[in-house]
Structures are given as C-alpha cells and as structure tokens.
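K.L.:
What follows is the residue order along each chain.
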Amino acid sequence: MTIALTVNGQSRTVEAPPAATLLDVLRNQLGLMGTRYGCGLEQCGCCMVLVDGEPAYACTREAGSVAGRAVTTVEGLGTAERPHPVQQAFLDEQAGQCGYCLSGIVMSTKALLDRNPDPSRAEIVAALDKHLCRCGAHQRILRAVERAATALRGGRPA
Amino acid sequence: MNAPVLPQSLVDNPRLDRWIAFLPDRTVRIATGKVEMGQGVVTAIGQIAADELDMPLDRVVVLSGDTVTGPDEQYTTSSLSVEMSGGSVRLVCAEVRAKALERAALRLNCSRDDLSVVDGAFRQNGQPTGQDYWTVAAEIDLAQAVTGNAPTKPSASYRVVGQSVPRIDLPAKLTGAAFVHDELPADVLHARTLRQPCRGAVLASLDEAAIRRAAKGELQIVREANFVAFVSPTESVAQAAAAAAPAQARWANVRRIEPAEQEAAWLRGQPSDDRRIGGWPAPTSPPRRPAGITVSRPYVAHASMAPSCALARFHDGHLTVRSHGQGMHPLRKNLATVLGLPAEAITAQHLHGAGCYGHNGADDAALDAALVARRLPGRWIRLQWRREEEFGFEPVGPAMLVTLQVDLDERGRPADWTTEIWSATHVQRPGNSTGWLLASEALAEPPPEVAPFDPPEARGGGGTRNAVPLYDVPAHRILHHLVLRPPVRTSALRGLGALPNVFAIESLIDDLAARVGEDPVAYRLSILSEPRARRLIELVAQRADWPARGPAGTGKGLGLGFARYKNRAAYAAVVAAVTVQETVTVDRVWCVADAGLVVNPDGARNQLEGGIVQAVSWTLKEQVRLDGQGVASLDWQSYPILRFSEVPEMQVEFVAGAGNPSLGVGECTVGPTAAAIGNAVAHALGTRLHDMPLSRERIMAALLKS
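Chains A and B, in that order, give the protein sequences.
Counting along the first sequence from 1, when you hit position 140 you're at 140 in the working numbering, and nothing is skipped either side.
Add 1000 to a position in the second sequence, counting from 1, and you land on the number used in the working numbering.
Chain A with its partners taken away, still in its complex shape:
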C-alpha cells in the first residue's frame, strides 16, 4: 500500500506491505536509524517516536495508521553538530551509557516538555516509566530532563 505522511517536517510517500510497522518503514525505507528495535512488544520504549506530538511505539504501530499524520523521530530534533536543547541537556548531564535506550527517551521527553514545560520530578518519572534503561543511567536522565525543561523555558521558572 502507498502511505503519504509527514516525517520530521517533510512530506514522504512510501510503499509498504499492509502489515508493515512504522519502525520498519522509518529504518528500512526512510533510513532513519535513530529509532531502534528493542523488543517489538511495547515493553521497552527504544522505538518511541512522536505521532502528531504524542509518544507512540513505532515497533507495533501499523504504518498505514500514520497516513496523513506527522511523525517525529530523533533525527527531527537536532544533529550531533547542532543538537536540540533536549539532546544537549542529555549531553551536558552525560545522561547515558550505551545509549541504545536514549533516542526513545529523548522523544518521550520532548512530548512531556511540549505539554508541560515545568514538570515535577514525579511527573518526569511517570512520563519515562514506560522506558527501560539497562545501564542504570536513570538519575542522570532525570536530571537531563530537568535541565532541558529549564533550557527550553529560557532559564526561567514556568
């Protein structure tokens, strides 16, 4: 089937088998490798992307269901040379070890801060609790989200 969608602000048209997942389309057809396969079961969060601004598991999401919608991946935020403030905050806190879980966590963070610019620690934990991190970088990640929130508010309290 032909699917027309917006990915990271650009209109894209892909040919995909009816049961193809969004993750498969992003990686194998659009070459966006920052969205990662972890479990295929919505249990780990490595594949988290934004669909119309809301976090969505790309590993189980049928590609056909995002026709006409806007998908954002970690590549849509920033680059290694010009990172988005959320990515920069993670770098500033050195919030990660192996990094495999991070792109999904960054996307959930983006969604959280878009709807709540000054989240409490408990609200951040609640937003990230669907994500697993095996290296144990959790506390750094929580600090990075707080730092990103401050940066996105221009350093001002909300």
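Simulated from the structure, these hints should not be mistaken for lab results.
Errors might be hidden in some of the hints.
Stated by the list, open to error - Pairs of lysine to any residue residues, derived as SDA-like cross-links and limited to a Cα-Cα distance of at most 20 Å, are as follows: (1) B:K1216 / A:Q29; (2) B:K1216 / A:P17; (3) A:K130 / B:P1640; (4) A:K130 / B:L1634; (5) B:K1621 / B:Q1581; (6) B:K1216 / A:D24; (7) B:K1216 / A:E62; (8) A:K130 / B:E1646; (9) A:K130 / B:S1638; (10) B:K1099 / B:N1109; (11) B:K1099 / B:R1123; (12) A:K130 / B:Q1637; (13) B:K1216 / A:T2.
Stated by the list, open to error - Only some residues are given here: those of chain A computed to face chain B with a beta carbon under 10 Å: (14) T21; (15) R36; (16) C39; (17) E81; (18) H131; (19) G136; (20) Q139.
Glycine included, C-beta positions come from ideal geometry on N, C-alpha and C.
Since the structure of chain A is already known, use the hints to place chain B on it.
P.N.:
Positioned in the frame of chain A, the structure of chain B alone reads:
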C-alpha cells in the same frame, strides 16, 4: 638495569605501530583491543594518549576492536581496560614521544633537553620550531618493539587525565545511527535464525512451505544440519519467517528441564569438579563458637536492551564480520575454527552495540551471520536475533549457593573461616580458538565439548571471585564446587561470583556484629586493618549519617556493604536505605570508592552508578525462569528489571587517588550494593532474607517465620 615488566597487552603486541599511527590530517590514531560498550573506555584511552603525547584530545582518534590494524587484547572484561590497555597506551605514547623528540633534536641540532611539546608541536626553549609529530613521523621507526624504558609523565602533570571529558561517542547515539544494528550496506540481506533448543537436539522436520506462506515475501531458507536461517531483502519477511518457524519445526533429542533446576538450591549435590583453595589450615576441632550463613542467587540475565546483531560478508574467499562482541581478535580465531578458514581470511571489526555487561549473544550472532554469508557469498548479511531469542539463548549469569562457616574467638571475631561455593562456570567464552559459539553446536560436526572451567584465582576467579574476605581472619579456606551440568548455558556477567560472595560475607559480618551487640560499622573496623578499606567505610558511614541509624524492625533500614573488587581492583563501600513493606524499596544509596588515579571522574562515577542500579535490580527483582525446553522468561514482562520509578537516589564519590595507580571501576559496586541492601532489609525487618531476589514472597515467608 632490569628490563621493565610490561603489561600483558604489550607482551602480546610489542610493535609500536600496532598501537599508534600519525595520520596525514594531523591526527594521531591510537588503537586499542578493548571496545566501547557504553563504559566510556574509548574516551578514557584517548585522554591517556593525549596527556602522554602532549596533544589536544581532539587530535586523538581512538580505533577500537579491529583485527586488521589494532592490538589483540583478548576480551574487554574484568574492569581491566584502563589498567591494561590504558597502561599499555601510556607506555607506547611515552616511548613515541621520546623518539619524536630525539628526531626533532637532530633536525634542530639542539639538545633534547631544550625541547618541549605543546599541543603536538615541538618548542625549543619555549619558542616555536616549525617541527611537530607529523613533520618527524616518517623518521620514527614504529615497527620497533616497545621497550617500556621511556619515562612516563608524573601524574601531577596531567592536564587531560583526571578531567571529566564528555564521552566522544554519545552525540551520535542521541541523534541518529550509531550502532551495528544501524548499518545497512547496499543490497543487504536480512537474516533471522531458528535456534536449536539445546546441544544435541536434531531437527527432525521443518515445514518450509508453511514458513514461506507466513513470511509473505521473497525468502531463502539456509540450512546447515541443525542450523536454520531465514534470509530476505525485506527485514519484515525474514522476521515473519523466524516468528513462524518454531511452530513448524519438530526437534528430536530435546532435553527437558524440571522446574526445581532453576533454583540455586538445586546445585547442591550435583556432579561437580571440586577444588580446595587457600592453605587449608587444620580447623579447630570441634569449633568452640560456631556461626554461619547460607545465601543464594538465582540465574540472572544480561538482558541487553538490544537483541544481538552482526553483519557479515564473504567475498573472494575473505570473510568480513562487524560485531558488538567484547573481543574482535578472539572472535576472528573462533570463526576461523568453526568455518575452517585461516584466521588471515577473516577481518573482524567492532561496532557499538547496546550494553552487554558480560558475555551475551554478541559473538554467537556473529557466527550466525558468518554461516549465512558463507552460503550466500558477495552479499552483506545483517543478522539480528529476535527479542525472545536474546532472552532464551544468551548465556546467563550462573546461579550460586554460598555457605560460610566460622568459628569465633572469645571476643566474637572470626578466628577460622570456611567458604563453600556451588556454581556452574562463569566463563564459557570461546576463548582463543575452541570455536565454541552457539551455532557451532548445531552443525554436522560440532567442536568437542570443552570441560567446564573457571578463571584461575590469579585472574580473580569465577565462582570464587571475592570469596576471600578482606577482614583480618587468621585461618581461611574455600571449597569450590564447579557444577558441571547446569540446566542452561552460563557465562560471564558483571562481577562474576563477586555479588553472591560479597553478599554472603557482608551478611555474616552484620550477623556477627549483632551477636556481640556491636554496631556493624564499629565491628567491621575492629577486624579490618587495610587503611584504604577503613577509610572508605568511615567515609560512607559519615555520608549516610550512620550514627542516626534507628533500631531494627521498624520497616526502615540502613545497611552497609564493602569489598575490593577481585581483592585487587577498585574498593567500594556502599550504604543503602530501604523501606520494606510488602516489597523492598531502595530509597537512597551512598557510595564511596577508591580507584586510585581516576582518568575520567564523571565517566567513572557513571560506572559506579550503573553498577549500583544493576545490582539493585538483580537483588530485588531478577531471576531467569526455566521450564520445559529452556528459558521461560522471554520478554520484559516475565523478566522485569528496575524502572525509573524504582531507582534510588544516589550519591557517589571517589576519594583522591593519592598517587595510587588506576584500578578498574566497572564492577566494584555490584557486590557491596547487593550486600548493603541485604543488610538494610535485615535491619528493616529484624530478620534476614538469605536468597535473592529479595521478593515479596520471601519477605512474607520470613515475617511468618519470625
């Protein structure tokens, strides 16, 4: 003058050009056999080179895990990378710096003593000379063997070492492609496998037609004896075929596992290879004041966030493999054994993967990919394990049962100490050429079974790791039962036997303190003369406000654990604060560590924190379930790990290095953390839990019993 004692890595790879090359773009390439697994080793080794060469860090490019140009440093294990590879790079760079200065002095017709190095350029009496490493590089004979004679810099002069330099690999991981999983060469073929359920199982039938119907696309089925792979230009087709395959396969000669085999208690009485370690002094007989403890840990998983993955291409008789395994040189030799190729016909290159924390499926996936590549020459094969395959077929950390029996002196201090350990092997790495990779067991002629063994005591032991208490004990002996036939493949997991052994020792010490009515910290200090150890325990107690520790049995607990990893790497003292209701919550953890010279303080703190979180997870939550044909906990629902909402607040710090050499930190916190939690839970409940994980069922059982 005696020749200096070189690190083993330099003995094995003496030529300077295995380690260092000056590149035309005015960078220097430092090669290491150790690989990045998220622990920051590539950055740390770059820092060491930058300082020793007097070069800015951004001119140092670290090449890691490459069989073509890099040194063979075996596996990236045992918290040895900074000590071993970093120590080697330091000596190599010091020697190359000296040689470069010699050449520059000749060119400038001056004394070497007049020259200094600033940002990679040579100055004469402080003035620029136009000479630098790159102008003289061609005149330095890097084919020479390292001597180790060039003096290295005094640590007081370090500018880059000791700084919290940001990790150089992290930006890519936050913004896009970064892992072996993310490499898609042109015309790549995707592959998945059908796994042989156990060694010796025979594929009696496979309904290939049914699998093709389920795959719904172009599919090749590669079969070699009991190894099967599904290959397609479309990843989802290969995945669908593999998902459908187990139901279409009939296996003969499959071993059944009884549920009791998943518990550590099963190990006692199994056939084992028994070793006595230590002097085996004659015990006081009969013991005058006996005390003891038995603790256990179940099988636990590495549970990497990513399924194992590898790329392979067989082209013109040469095999190229890209893998996230922990040692590319050993991988190359083992692939050579299994495939019947000379090692020179294989190139193995490391690309980053998700954290592995030990020996997981990475090497096995590399063989899987190579087997497919050999059958489909000329094409890149990208082989990725399925999630259930990762949980089901990674070699797991072995279950352990540890019993300590002591005889106390009249002051209630241990005078005689016997440790008895039951465990399957902690290393089934294929090593240097056994060919012992998972798929080799499925081939027509599997390599001979290797008799189980553990790392020798000189390398820190396996099941016996950290079994020798650091406390002052006049007589100590260990009986190690290496259980020969565990129900599941076992191998190295962060810390090896350190976690259960430290848990046992530190639990017993708390019990002994209670027996004489003494505070656990004061009791420890009364039997511990090692000054570095004493200092850490005193400091961590101070940080955690230990004197304010309340009475036992309130549901709130504070507990301490201490060890020096392998009794020769970094020291760590940990205090955990817990709340116990129906389950255990670890509220806060304090950790003070002594790792000598710390190359990258923030990176090393990250390692301490990661070890703490992982140990909390193992201690409270994790157990590999076995059932029927093998592992039954095949996803994150059935194998839960610690989540954001469960992670404790942490305060970690290093004491100043005080001129001591670097000690590996990656694994030093796991034992002390588990022990601190065990002691904190005992304090909270007023009764001890002996078996990990410290689960709700066990809390209930302990409370009923008391």
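K.L.:
Could you work out which earlier hints the structure fails to respect and list their numbers in ascending sequence?
P.N.:
none
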